[in-house]
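With the hints as extra help, turn the sequences into a complete structure.
Numbering (the working numbering) for the sequence shown: 6 to 62.
I should point out that these hints are in silico values taken from the structure, not numbers from a laboratory. You may find that some hints are simply not true.
Just the calculated beta-carbon pair ranges, DEER-fashion [unchecked claim]:
1. G35 <-> W61: 32 to 40 Å
2. Y37 <-> K9: 38 to 46 Å
3. R33 <-> K9: 44 to 52 Å
4. C36 <-> I16: 24 to 32 Å
5. K26 <-> A49: 32 to 40 Å
6. V50 <-> T10: 56 to 64 Å
7. A28 <-> L48: 28 to 36 Å
8. L21 <-> G53: 41 to 49 Å
9. V50 <-> I12: 51 to 59 Å
10. I12 <-> P42: 41 to 49 Å
11. C36 <-> S15: 25 to 33 Å
12. R33 <-> W61: 38 to 46 Å
The beta-carbon is built from N, C-alpha and C at its ideal position, and this holds for glycine as well.
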Amino acid sequence: MKRKTWILGSIGGFLLFFLIKDAFRLMRLGCYLVLYPLLGVFLAVIVGLLVLWLLWR
6 MKRKTWILGS
16 IGGFLLFFLI
26 KDAFRLMRLG
36 CYLVLYPLLG
46 VFLAVIVGLL
56 VLWLLWR
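Here is the structure:
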């Protein structure tokens with residue numbers, strides 16, 4: 006019984022390791038696909054407002 010528990014536990018731990026690794030890969034991909042374009046849009050809006058402010062002066 007103890008041996009069967011060790012085998013199932015090691016297989017479960019191995020699969021859990023791959024699941025966590027894939028989750029971190031998806032989080033990093035989401036950061037590239039969502040966070041950086043939003044940061045670019047935010048910077049473009051700030052620069053646009055700064056240019057408009059300079060033109061109105």
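Against which earlier hints does the structure fall short, listed by number upward? Violated hint: only 3; rest satisfied.
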